[in-house]
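> In case you want the letters, here they are:
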Amino acid sequence: MKVFGVRLPAMSSLILWGLLWEVFGRSGYSFFVPPLSEVVATLFEIIGTSAFQKALYETAYAFCSGVFFAIVIGIPTGILMGKNRLVDELLLPWVNIFLSAPLTALVPVLMVLFGFGMKSIIITTTLFAIWIIILNARAGVMQINRSLIEMATSFGASSWDAFSKIYFWAALPEILGGVRIGIIRAVKGVIIGQLLISLVGFGALFELYSNNFLMKHFWAVLIVLFALAFTISEFLAYLERRVSYYAAKR
Amino acid sequence: MVMLQTNALAEDQSVLDQTDNAVSVSNVSKNYGDVEALKNLSLDFPRGQLTSLLGPSGCGKTTLLKIIAGLLEPTEGEILVNGSPVTGPGEDRAFVFQDFALLPWASVLRNVAFGLELRGVARSEREDIAVKYIKDVGLEGFEKSFPHELSGGMRQRVGLARALSVDADVLLMDEPFSAVDEQTRRKFQEDLLALVANENKTFLFVTHSIEEAVYVSDQIAILLPRPSRVSEIIRPTGLREKDSTSIRRDPEYLDIVDSIWESLKTYVE
Amino acid sequence: MVSRSLTLKLVSAIIVFGAWEIAGRIPVSYAFPTFIDSMKALSAMILDGRLFAAYGETLKPLVIGVLISAVLGIIIGLWIGLSEWFDWLFSPIFIVMQAAPLAALIPLLVMIYGIGLTSKVFVVCIMAMPVIVLNTAGAVRNTPSSFIEMGKSFLASRREVLAKIIIPAASPVIFSGLRLGVSAGFIGAILSELKITPTGVGDIITFSRSIADYASMYAAIFSIIVLAVVFLNLLEMLERVLFEGNVRGYASD
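Residue numbers (the numbering used here), protein chains in the order written: chain A, 1 to 250; chain B, 1 to 269; chain C, 1 to 253.
Some clues are possibly wrong.
[Stated by the list, open to error] If you anchor each label on the Cβ, the simulated ranges turn out as follows:
| # | chain 1 | residue 1 | chain 2 | residue 2 | range |
| --- | --- | --- | --- | --- | --- |
| 1 | C | LEU67 | A | LEU214 | 29 to 37 Å |
| 2 | B | GLU182 | C | LEU82 | 39 to 47 Å |
| 3 | B | GLY33 | A | CYS64 | 25 to 33 Å |
| 4 | C | ASP48 | A | TYR238 | 51 to 59 Å |
| 5 | B | GLU73 | C | ASN142 | 22 to 30 Å |
[Said to hold, decoys possible] Covered stretches of chain C, going by a simulated chain A footprint (3 or more residues, C-beta under 8 Å):
| # | stretch |
| --- | --- |
| 6 | 29–35 |
| 7 | 100–114 |
| 8 | 190–197 |
| 9 | 213–227 |
FYI, nobody ran anything at the bench for these hints, they're computed from the structure. Think of the CB as a built atom: it goes at the ideal place given N, C-alpha and C, for glycine as much as any other residue.
One chain only, chain A, in its complex shape:
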């Protein structure tokens, strides 16, 4: 977008939307939408409170553990599926089912099986992230150039060498693509888990603020959350671009 020959940065329209929000909030038209400036002021107030820091810590803990398990289980499973046809045919239907299934419906099951706490939220997060990671790792391995593997075998590589020196690296661009989408899904999963289980993290905070009609607080937490999610996703996209430079040249 160019105005008077000056190129406007990509996300700069958000400033305009922020101004609109401010004007709309000041008009006092809706109780539910306070002016942006007051929300930001509230944001700085609550960022230091222990309630907020506890929520942030609990959410980050659940998120990181969930993503950790998704990656540690997902990537080897995907690589195995890509290498072994029998395993692939046994697992692929299930991976596809869970990839498109509304996983929200499983949260009540997790609640009765694993309780109303952190454990269920971590598993929810893992469930949201893992399937796309598996599928991408599998796709990455399957597109590996056969001559690369033949080259390794002809130089006498052991199967561990082939795995760690060829398969993993040749599939890395796809694997990272899967991890990126998986992590974005995990952000949604951790919040959905917390909303439904709602005793910990931001879920509890949202419950508290909305029950007491603390609109400024509610919006402030929302902004923090959305900004964090957006930053994570952009950062991962940036990383992927840096690492995938050789993807096109294979």
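Please arrange chains B and C on chain A, whose structure you already have, making use of the hints.
Frame of chain A; chains B and C shown alone:
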């Protein structure tokens, strides 16, 4: 009916005036920001003949063709087609694309008739015309096929039939044979010679193949880059009298190919 | 000989459901019914019509929400794809929406629109719309430039270029955006039934849990997952039939 009339008219004019130009480019420049793609370029395209624009990549030959087509605007200069200035695409010109630009969701018949469809010709009429040209380019029986079911060469025949079916005076061909295999290309080149002889249209032909240019052209304009300019105009007139199958063995053909290569060599990395 | 892939799918299903059955018999948890018990509960719900009534409830916000998202999403997406100014103005909102956990808006929607159908439709919309908008806009932007030049050189008007070239060229990607939108809509519909007010299938899940009828609870969850997966797979098959060959046929292949 309309078709016959314009053909007759074109014939009359070429009899009346031997040096008549269908397209004339005068002092055209094109800049992309600070980059000069074309600089002060002038060139005439005689009616009823095939003129090749030949040159190394980056010499602006496709840019020039798209400016004549009205798809790009020149920064400076003027283009006349049949005496009137170009302000945009027009009914007097038809374009053949390097990547064919066939609609993948449309049958061969609809693709060939697409130019007429956009001109508001009624369905039955435009399909009759399309069927005729599909037959002319040798694709009879493929009317109901889809582009992905055809080979590269057949796809470009569809593109050619589409350009012919709108019956424009000027055919603009942007490296039309570069995406087809070598044998198909030879067949195309022979067919093109017949087309130039029979159709009484003016052909503008962009290519990067020296042999192709010498084989098919009445006039070859050699374009050189940095800054883009017409360095030489060659008219292999002697070859046009010969039979299309013996041209490639002709000493004149080989000499021209060689001399063009000598002058282009220094511009190839 | 039965095809290898079908046999393996059956074997795979038997292993998983068998494991479920065994785990239920041990039992691994008081809240883990066997596969057979769950299927019995499912057939009981189907036979007394409870399941159909529940789906009538559940599908209402889903269908309304997906329809609104589809119409609005495609219009906005086309606009973003065609106009640089609109792109600058609206793309960032949908990009942020795509990355953000929008479920967090649910408490706010409930405060503003109450616990009725409106809130649930809203939840489905905010979940489904971003992917539809972004896919449509991306597809429009990626129309091969030679198609548009071809249209122009044959004197197509702006409207003709849009209707006869850009939209047909973009429709496979738009359609897959719709499919992803439906998938996200399912998540939204179930989330709103579990979070806002228990109705439909959400009611069966919540109620069965409260009376410890775990077989019925598992059956309801099983049914919604099957429904979503089957429906999305049908859409995917339809997509393949509709746009067969549409993505091929360029010079490069």
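> All hints are to be evaluated individually against the structure, with a verdict given for each.
Tested hints:
| no. | hint | in the structure |
| --- | --- | --- |
| 1 | C:LEU67 x A:LEU214: 29 to 37 Å | holds, 35 Å |
| 2 | B:GLU182 x C:LEU82: 39 to 47 Å | holds, 41 Å |
| 3 | B:GLY33 x A:CYS64: 25 to 33 Å | violated, 47 Å |
| 4 | C:ASP48 x A:TYR238: 51 to 59 Å | holds, 55 Å |
| 5 | B:GLU73 x C:ASN142: 22 to 30 Å | holds, 24 Å |
| 6 | 29–35 | holds (count 3) |
| 7 | 100–114 | holds (count 12) |
| 8 | 190–197 | holds (count 4) |
| 9 | 213–227 | holds (count 6) |
Violated hint for the displayed structure: number 3, the only one.
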